[in-house]
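**Student:** The primary structure of each chain is shown beneath.
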Amino acid sequence: MKSRFSAVIPGSAAPDAAAPVTQRNVPNRGGPANPSAADLQNRFGSAIKRVDVIWGETIVYVDPAAVKEIIQWLHDDPAQRYDYLSDVTAVEYRDLERLLEVVWHVRSLPYRRFLRIKAELRKDRPLEVDSVWSIYKGADWLERECYDMFGIKFKGHPDLRRILMWEQYREGYPLRKDFPLRGRFSRAEQLRQALSANPEARYSMEELSIAEAFEDLPEDMRNRLRGGERTGE
Amino acid sequence: MGLTARSDTRIVTHDPESHESWLTTTLDTLVNWSRKNSLWPMPFGTACCAIEFMATAASRFDLARFGMERMSFSPRQADVLICAGRVPFKLAPVIRMIWQQMPQPKWCISMGACASSGGMFDNYAVVQGIDTIIPVDVYVPGCPPRPEGLIYGIRMLQEKITNERMADKLIRDEMEPNSGSGLYIPAAAIDELSEPFGNSVHQTRSGL
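Line by line, the protein sequences give chains A and B. Sequential numbering from 1 applies to the first sequence in this note's numbering. Sequential numbering from 234 applies to the second sequence in this note's numbering.
I should point out that these hints are in silico values taken from the structure, not numbers from a laboratory. Each hint should be verified, as a subset may be incorrect.
As the list claims (entries may be wrong) - Only pairs whose alpha carbons sit at most 20 Å apart, straight line, appear in this in silico DMTMM-like list of lysine to aspartate or glutamate:
{"id": "1", "chain 1": "A", "residue 1": "118", "chain 2": "A", "residue 2": "87"}
{"id": "2", "chain 1": "A", "residue 1": "155", "chain 2": "A", "residue 2": "87"}
{"id": "3", "chain 1": "A", "residue 1": "49", "chain 2": "A", "residue 2": "101"}
{"id": "4", "chain 1": "A", "residue 1": "68", "chain 2": "A", "residue 2": "167"}
{"id": "5", "chain 1": "B", "residue 1": "323", "chain 2": "A", "residue 2": "145"}
{"id": "6", "chain 1": "A", "residue 1": "155", "chain 2": "A", "residue 2": "140"}
{"id": "7", "chain 1": "B", "residue 1": "323", "chain 2": "A", "residue 2": "101"}
{"id": "8", "chain 1": "A", "residue 1": "137", "chain 2": "A", "residue 2": "83"}
{"id": "9", "chain 1": "B", "residue 1": "323", "chain 2": "A", "residue 2": "171"}
{"id": "10", "chain 1": "B", "residue 1": "323", "chain 2": "A", "residue 2": "69"}
{"id": "11", "chain 1": "A", "residue 1": "118", "chain 2": "A", "residue 2": "69"}
{"id": "12", "chain 1": "A", "residue 1": "177", "chain 2": "B", "residue 2": "381"}
To be verified - Far from chain A, by Cβ distances over 12 Å, these chain B residues were calculated:
{"id": "13", "residue": "240"}
{"id": "14", "residue": "283"}
{"id": "15", "residue": "292"}
{"id": "16", "residue": "305"}
{"id": "17", "residue": "323"}
{"id": "18", "residue": "336"}
{"id": "19", "residue": "381"}
{"id": "20", "residue": "391"}
Note that the structure is a prediction, hence the values are computed from the model and not measured. For every residue, glycine included, the Cβ atom is placed at its ideal position computed from N, Cα and C.
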């Protein structure tokens with residue numbers, strides 16, 4: 001991977017725009033939408049399900065199958081330049097009829113725009129959506145957390161494992177509404193499983209050796225990893 | 234033969250005129266006195282209780298008054314483990330390893346509601362009281378406890394140490410976890426300890 005770093009000056013792509021101010025008296029619903037929403041509707045048509053403006057923030061509901069294509073376009077198009085992915089998360093509602101939503105928060109620093117993209121997934125189908133890791137490397141841990149807490153599989157993610165709960169965790173996905181607050185197992189069983197883990201094996205060089213960053217590691221560390229050295233095993 | 238003194242007999246004499254100061258006491262009293270006034274704490278701070286613990290160690294409340302100013306960040310040189318804050322299941326093997334690395338004699342203070350009982354975090358991620366993992370000597374209530382509260386707990390621990398007897402071998406026994414389950418105490422006891430007050434076991438807000 002070739003690294004490309006260049007300074008981004010906020011608002012540099014829209015020099016004529018007024019300086020950003022704190023909005024007052026923002027309506028709950030309605031108000032001016034982010035112009036990117038109209039661009040998305042022109043570009044992708046039926047893949048854009050609907051556009052809401054809530055508290056002044058624009059929410060675009062998109063077809064789950066087209067998520068990656070849409071975010072790629074938002075990232076690459078010179079008139080959008082959404083260069084910063086601030087969050088990937090999911091929402092499950094207490095209303096069981098409502099679909100599970102996966103949420104992406106993207107920000108365009110050059111245009112000073114913020115866009116919330118939501119894709120609705122049916123709960124009776126496998127929870128799968130495309131990973132945006134190939135566009136934003138920062139999506140790596142965000143998607144792992146979303147997988148850990150909701151069980152949503154991000155297709156194309158290089159290393160989709162649990163990140164907050166330990167990897168041997170077998171009770172399910174804690175933030176799902178059908179997950180009991182205290183977990184599924186008895187306290188003694190939870191403790192037994194937790195204590196059976198070796199605390200020193202958790203942050204192992206194994207993780208480093210399979211990571212994308214392997215080639216960027218110092219030479220001596222790479223040699224030690226190639227020689228089979230591992231910690232805490 | 235019988236009239237000469239045995240060679241291994243030593244006669245101790247005391248001459249008050251020599252101005253040596255000395256006193257008599259029991260060995261227990263002497264050992265316990267020195268132990269209780271030089272407790273080196275191993276701080277295991279995971280949450281807001283650790284902030285109060287730092288305040289206790291700082292100049293206003295000044296743990297140095299109790300011989301505790303030397304924080305032992307290595308468990309190998311620590312006497313008392315002060316668990317300040319909630320312990321998630323992911324940290325359970327860590328705190329047990331720290332406890333096992335501490336040499337005898339050792340004591341444990343569970344500081345705050347979360348360390349003692351899980352506190353408000355009656356959920357899937359938090360250990361319901363560190364006494365399900367390691368033996369605890371003193372529980373300090375509070376959320377978080379004020380420094381006075383922690384000092385009161387430390388004074389209670391000192392009182393407990395004062396009453397220890399070296400002849401009592403049991404108090405220095407290292408508790409070994411059950412080889413099968415890896416737990417110190419029976420599973421049923423852990424389930425009972427973890428039970429909250431009132432029946433909130435089946436409370437889920439989704440109604441499922």
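**Student:** So, for every hint listed, does it hold in this structure?
**Tutor:** Evaluation of the provided hints:
Distance hint between residue 118(A) and residue 87(A) is fulfilled; the C-alpha atoms sit about 12 Å from each other, no more than 20 Å. Distance hint between residue 155(A) and residue 87(A) is fulfilled; the C-alpha atoms sit about 17 Å from each other, no more than 20 Å. The hinted pair formed by residue 49(A) and residue 101(A) meets the criterion: a straight-line CA distance of about 13 Å does not exceed 20 Å. A threshold of 20 Å between alpha carbons decides the hint, and for residue 68(A) with residue 167(A) the separation of about 27 Å lies outside it, so the pair is violated.
Distance check on the hinted pair: residue 323(B) and residue 145(A) sit about 16 Å apart at the alpha-carbon level, within 20 Å; holds. Note on residue 155(A) and residue 140(A): the hinted pairing holds, with a Cα-Cα distance of about 12 Å set against a maximum of 20 Å. A distance of roughly 29 Å separates the Cα atoms of residue 323(B) and residue 101(A); the hinted pair therefore is violated under the 20 Å criterion. Taking the CA atoms of residue 137(A) and residue 83(A), the gap is about 11 Å. The hint holds against a cut of 20 Å.
A hinted pair counts as satisfied when its Cα atoms are at most 20 Å apart, and residue 323(B) with residue 171(A) qualifies at roughly 14 Å. Note on residue 323(B) and residue 69(A): the hinted pairing is violated, with a Cα-Cα distance of about 38 Å set against a maximum of 20 Å. With a CA separation close to 14 Å, the supplied pair residue 118(A) and residue 69(A) stays within the 20 Å bound. Distance check on the hinted pair: residue 177(A) and residue 381(B) sit about 42 Å apart at the alpha-carbon level, beyond 20 Å; violated.
No Cβ of chain A comes within 12 Å of the Cβ of residue 240(B); the nearest lies about 57 Å off, and the non-interface call holds. With 12 Å as the threshold on Cβ separation, the claim that residue 283(B) sits away from chain A holds: the shortest Cβ distance comes to roughly 19 Å. In this structure residue 292(B) is separated from chain A by more than 12 Å, as the shortest Cβ-Cβ distance comes to about 34 Å. Consistency note on residue 305(B): stated as away from chain A, and its beta-carbon is indeed over 12 Å from all of that chain's, at 19 Å minimum.
A beta-carbon of chain A is positioned within 12 Å of the beta-carbon of residue 323(B); the least distance is around 6 Å. The claim that residue 336(B) lies off the interface holds: its Cβ sits roughly 19 Å from the closest Cβ of chain A, which is beyond the 12 Å cut-off. Look at residue 381(B): its CB is around 32 Å from the nearest CB on chain A, clear of 12 Å, so calling it non-interface holds up. Here residue 391(B) stays apart from chain A, with its beta-carbon at least about 31 Å from theirs, past the 12 Å limit.
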